[in-house]
Every structure is written in structure tokens, then in C-alpha cells.
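Q: Take a look at the letters that make up each chain.
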Amino acid sequence: MKEELFISGRNIPNIDPYLNIWHWQIPIYLYLGGLAAGIMFFAGYFTIMRKEKDMETAVKWAPFLVPAALVLGLFALFLDLKHQLYFWRLYTTIRLESPMSWGAWTLMFVTPLSMVWVASYMKELFPKWDWKFDILNKAEALAIKYRKSMAWAMMLLAVVLGVYTGILLSAFNARPLWNTSVLGILFLTSGLSTGLAATMWMSKSKYERKVLSRLDLIMIGIELFLIIHMLMGFLAASEVQIEAAHLFLGGEFTVVFWVFVIILGLVFPAVLEILELKGHHVPVWIPALLILIGGLVFRFVMVEAGQITRFLY
Amino acid sequence: MRYAMAIDTKKCVGCSDCVVACQTENNVPHGYCRDWIVENVAGSYPNVEIEIRSERCNHCDNSPCVRCCPTGASHIIEGGIVKVTHNECIGCGACIQSCPYDARYSHPDGYVDKCTFCDHRLAKGQSTACVEVCPTNCLYFGDLEDPNSDVSKALKNREWKVLAPEAGTKPQLYFLT
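For the record, the sequence lines run as chains C and S.
Just so we're aligned: 255 in the working numbering is position 255 of the first sequence, and the numbers increase by one with no gaps anywhere.
In short: position in the second sequence from 1, add 1000, done, that's the working numbering.
Warning: the hint list may mix true and false statements.
Unchecked claim - In the SDA-like style, the derived pairs of lysine to any residue whose C-alpha atoms are separated by at most 25 Å in a straight line are:
| id | chain 1 | residue 1 | chain 2 | residue 2 |
| --- | --- | --- | --- | --- |
| 1 | S | K1170 | C | I286 |
| 2 | S | K1170 | C | E243 |
| 3 | C | K82 | S | Y1111 |
| 4 | S | K1083 | C | R95 |
| 5 | C | K82 | S | E1088 |
| 6 | S | K1083 | C | E243 |
| 7 | C | K145 | C | V118 |
| 8 | S | K1170 | C | Q241 |
| 9 | S | K1161 | C | E239 |
Because the hints were derived from the structure by calculation, they are not lab data.
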């Protein structure tokens, strides 16, 4: 028998008996950040590959979601802050050791960039669109001229943003479930996959959907591999991480993790996409929606479960 | 200078005077505390061992809370004391997540709060509130680099441990066992 009791009556809200400081806002923010990164990455990629004509949705239409996702995500993050009037302090300093500082600055560049990208396609997509002011027309011409440079910047920043959503968690050594370097690349992959799913859903071209769905299958494969990789890493690590892995292997998050994230969020949509590529008719919204929900549940599970894990002493 | 505290687990009776003294001295809001008592019972009757610890922020040498703070509100002052500047804190909770000892809490006013080793008292040449009130004198505070400080003398003659050294934070609370 071994038990530990607090006798001072310590029962601090959101800390005792276990940590619960980050609520729904953080997983929503991480999810939307990943989704935006996924859409931006492939918009940039297909532009650089000169596929604007074939991959019209990925390059021109899906990026409309990006500013919306980023603004919503930032709003969720703002709601999470407990000292909200001081949020501007994020931008009075650059702290290289702090992932959150990296994220704040990345978003500072990514959000306007994504808006400029969308704006540069306004006239092409909506012929009646008028910028009203001459200076805006000139700015648009400039944006169109430098579209390729913007595409490179978007790809690069999308990777930083996607990896950051994972590193934000993995930098905390006090929460053993998060403290794995796999998390950065895993969240990036998951973000790319959700970005592809959203684009696929929007696309009306058969060819484009086929290309996107193939890419998505690769992402799902990598994601499954990384998740197994992560769990194996935990099981081979110290006691606190073994316990962390057991939250998914028999513990309280087992069902939600395996049913909603692995099976319904990854394996089942992958099967549907393979069937579609083989020529069976599968409505595209089914795998797309499953992937989008799976990614969201994954963020929620990781944020919730991670806060339960801790060092024992 | 390196401030540190030693806690004699054999002398501590878990009266919580240190907790109340801290709450009073530092105006800690109702329902919160910057230090607390842990009673650790191990074994089964009749072979039971009990360890009582007065815990607080470890003012770690390698402090993850300072590293992860996006605004620099968490910082280290002279003597290795980890402090939070209230009007730089945005309340993001990163430092709370990063602490293996759960020593930080979100103050109802929004910012993050924690033990300061009573630096306002140290500036006046006094010791910390918890040390001053301890009825069993089981808390020793002082400068580790000074061999004649209370904490250095306590550590010299006794066996001690730190909590969760594997977290790699180099904590500065020493528990005499």
C-alpha cells in the first residue's frame, strides 16, 4: 500500500487533484492551426509545381479557409488567456526558448500572408470584384507578381506552424505524455492530412480529388506509423511515460483514442479512399469529414490526457 | 548567492503554520496557497512509514517555467529566486504546465502566482514567513554558497533528497531524511 495525502487542504482550482489548466480552447486552436498549415502547405506546393490550373481548389479556393481558421484559432487562444488585457506582451519580446513565443510570432506573419494570398485571387475568382482604391489595385498587382515567392514562404511557414502546434506540447517535460519529440512531426502530418481532407471536400474536379486523396493516403500512413512509434517510445522509456502510454492502452482514454482517432479518424477513411481510387463510388464528404473529426478528437485527447500525466514523487 | 531551503521531514509535524503564515504575509487569495503540506504514508499496518513535507516552489536552477514563458514575465532574480512580473504575465498557463511540482497557480486576478521565497522580507534582512513561524524549527533557509548559513549547516550533517530529480530541473528544496 502506498498512498499520498494532502493534509493542508490544498485544493487549488484546476491544479488539484490533477492539472486541468488548458480546456477546449487549446485543442481547438492547435487543430485550426494544423488545418490552416495543411491547406497553406499544399496551396504553396501546387503553385510551385505549376499546377494552378489542375489543382484549382487547392491553390485558389481552399486558402479562403486559412484566414478564417487562423482568426478563429487565435480567438480561441485569446479566450484561454487569463490575463487577457496583457496579451500584447507577446509582441514586446522574442523569446527563443519559448515555443509559445515562436508560435505567436509565426502567426503574426502567417495570418497576413494568408490574407494577401486570398486577396490576390479575388479578381480572378470573382470577376465583378472591385478593390475601390487605386492603392489596393497596385498592391494586388504586386502580390500577383510575387506569388511564387509567397508560395515558398507559405510552405515554409506552414511547416513551422504545423510543427509548432506539436512542440507547444512536447516542450513540457513535466507532462510525460507530451514530452516526446515525435509530437511535432506527428501534429504536422495530422495537420497536412486534415488540410487535404478539407480541400478534397471542396473540390469539384475528379482529377484533383484523386491527386489529393492519394496524398492523403500517404499522410495517413505516416501518421499511423508515427503514432505507433510514439507509443513504442513511451513503453521503452521511464515509468512516468509507461504510465502515460497506458492511458491509451487500457486506461481511461483507450476507447476514445482507438475508436475515434485510429479507426474512425484514420483507418476507415483510408479504406474508403482506397475503394474510391479503385473505382467504387464513395461520396467524398464521408472520408473527408471522418478525417476532420478524427484530427479534432486527437487534439482533444492529447491535451486532456497529457495534463493527467505527471512526475511521481 | 544561491538561496535554498531545507525541510526536516523528521521534525515536521504537518501543522500547516507555514501555509497560513504565507497566506497572511503574501495576501494569497482564499482557497489558494503558495506552500502546502504533503503527508506521505507508505507500507501497510503495522509496518507503516510516514513522511511529512512542507512543499513550495523549488526555485529550480534549470527552471522550465522561465524557459517556456512567452513574454519573459517569469524570470530569475538575484539568489536564484524565480519570480513572476504580474503586469507582463498574459495568463497563458504554459509555466503551470511546465512545472513538475505544480507549484504555480492561476491567481483570480488573471496572472500566475507562486512562492517568492519572500524576497520582500529578505530585502529587509528578515527570513521567509514560513521559516519564521515554524513551531518545530524544521525549515532552514539561507544562502547555499555561504557555509555558515542555516541551510548549509543543515545539509552538512544530514542525509537529504530532492523531489523528482529525474525531471532535470535542479530543484533547490532539500528534504532532510
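Q: Taking the numbered hints from earlier one at a time, note which ones the structure violates and give those numbers from smallest to largest.
A: 1 and 6
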